[in-house]
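Colleague: Protein sequences, first through last, are from chains G and F.
The numbering used here runs 104 ahead of the 1-based position in the first sequence.
The numbering used here runs 1 ahead of the 1-based position in the second sequence.
Keep in mind that the hints are not guaranteed to be accurate.
Interface residues of chain G toward chain F, partial, derived using beta-carbon atoms under 7 Å [claimed, not checked]:
(1) Q135
(2) S136
(3) P148
(4) L150
(5) R196
(6) N201
(7) K203
(8) L204
(9) K208
It is worth saying that the hints were derived from the structure and are not from the lab.
Backbone N, C-alpha and C define an ideal beta-carbon position, used for all residues, glycine too.
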Amino acid sequence: QKEVEQNSGPLSVPEGAIASLNCTYSDRGSQSFFWYRQYSGKSPELIMSIYSNGDKEDGRFTAQLNKASQYVSLLIRDSQPSDSATYLCAPRERTRNYKLTFGKGTLLTVNP
Amino acid sequence: KAGVTQTPRYLIKTRGQQVTLSCSPISGHRSVSWYQQTPGQGLQFLFEYFSETQRNKGNFPGRFSGRQFSNSRSEMNVSTLELGDSALYLCASSLGGENEQFFGPGTRLTVL
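Chain F on its own, in the form it takes in the complex:
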């Protein structure tokens, strides 16, 4: 069974631009969660989608948004990029409920 995939793996943008990251969950998984990870900050939860509905949301500004499609694939968008948005963005999928969650390889975003 294929794992969680994320595209692109690496991205370089400049301040003020916007970016869209994509995540394909494990087949059959309906829950997709997004995290931001920066050195020293640990995993910061962005949001979670389940069957196209946002179920949980972290404490990030409105510049960070996401959506999930009917095939469970998810995208997250960051508008008006800031230098502080440079981070590893991780996507994870799960069947939902109490089930295990599996991470993708991440997208490393660099904002110049």
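If we strip away everything but chain G, and leave its shape as in the complex, we get:
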């Protein structure tokens, strides 16, 4: 089983729709989880962090965490063409000195 798995893309949604990005992880000890956005040719940018089970909202972004299911997701409401990017999920692995382990990412395209 891969350490961090993200839903295979590319994911294409129309402008104004909700984009749903999913991620599962294997380290049951993970307590902190991060979502990064990466535009083509640029470095990853941190957009959300979540530490507790449940939902965390920040503007149009909502992160959801379920530690029992080892599942974390990112919802983007009212998707805009500027949201088109690769989204990376990254839990910290306590068992590996808090190493941040990245998934391969999901490419999101928002069509005008």
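The hints should help you fit chain F onto chain G, whose structure is shown.
Modeller: The following block gives chain F in isolation, referenced to the frame of chain G:
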């Protein structure tokens, strides 16, 4: 607060040469991680340093090495460059533990 800085931003080398990349973390951050990113390969973890000690290491050959100085600045070195080493090299810093990690703009290395 200044972000993570990396120098140089672009570099062209020939096979067999060696290269040193530099990273200055966000002020107060003691953890510095290095990643390699190539098209289609995602973020590949190289190593992480915390307070001058290598805390985690990825699966890269010994040609890739790094170090961290007492002021938390870090360098990575690649010896005997190969064509396959052409990539975007990213540095990221963190306070450590469960805290968020922030990326620098990256150094794009081209090996001819």
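Colleague: May I ask you to test the interface hint for K203(G) with respect to chain F, counting a Cβ-Cβ separation under 7 Å as satisfied?
Modeller: For K203(G), the interface hint holds, since the closest Cβ of chain F sits about 5 Å away, which is under 7 Å.
Colleague: Once the shortest beta carbon distance from Q135(G) to chain F is found, is it less than 7 Å?
Modeller: 6 Å, holds
Colleague: Taking the least C-beta to C-beta distance, is K208(G) closer than 7 Å to chain F?
Modeller: 4 Å, holds
Colleague: Hint check: is the beta carbon of L150(G) less than 7 Å from a beta carbon of chain F?
Modeller: Result: holds, 6 Å to nearest chain F Cβ.
Colleague: Let's test the interface hint: is any C-beta of chain F closer than 7 Å to that of S136(G)?
Modeller: Hint on S136(G): holds, closest Cβ of chain F at ~4 Å, below 7 Å.
Colleague: Have a go at the N201(G) hint: is there a Cβ in chain F nearer than 7 Å to its own Cβ?
Modeller: Since chain F brings a Cβ to about 5 Å from N201(G), closer than 7 Å, the hint holds.
Colleague: At a threshold of 7 Å, is the proposed contact between L204(G) and chain F supported by beta-carbon distances?
Modeller: 6 Å, holds
Colleague: With a cut-off of 7 Å on the beta carbons, see whether P148(G) makes it to chain F.
Modeller: This hint holds: P148(G) lies near chain F, its Cβ roughly 5 Å from the closest one there, short of 7 Å.
Colleague: Do the numbers back the hint for R196(G), that is, is its least Cβ distance to chain F under 7 Å?
Modeller: Since chain F brings a Cβ to about 6 Å from R196(G), closer than 7 Å, the hint holds.
Every hint from the earlier list agrees with this structure, and none is contradicted.
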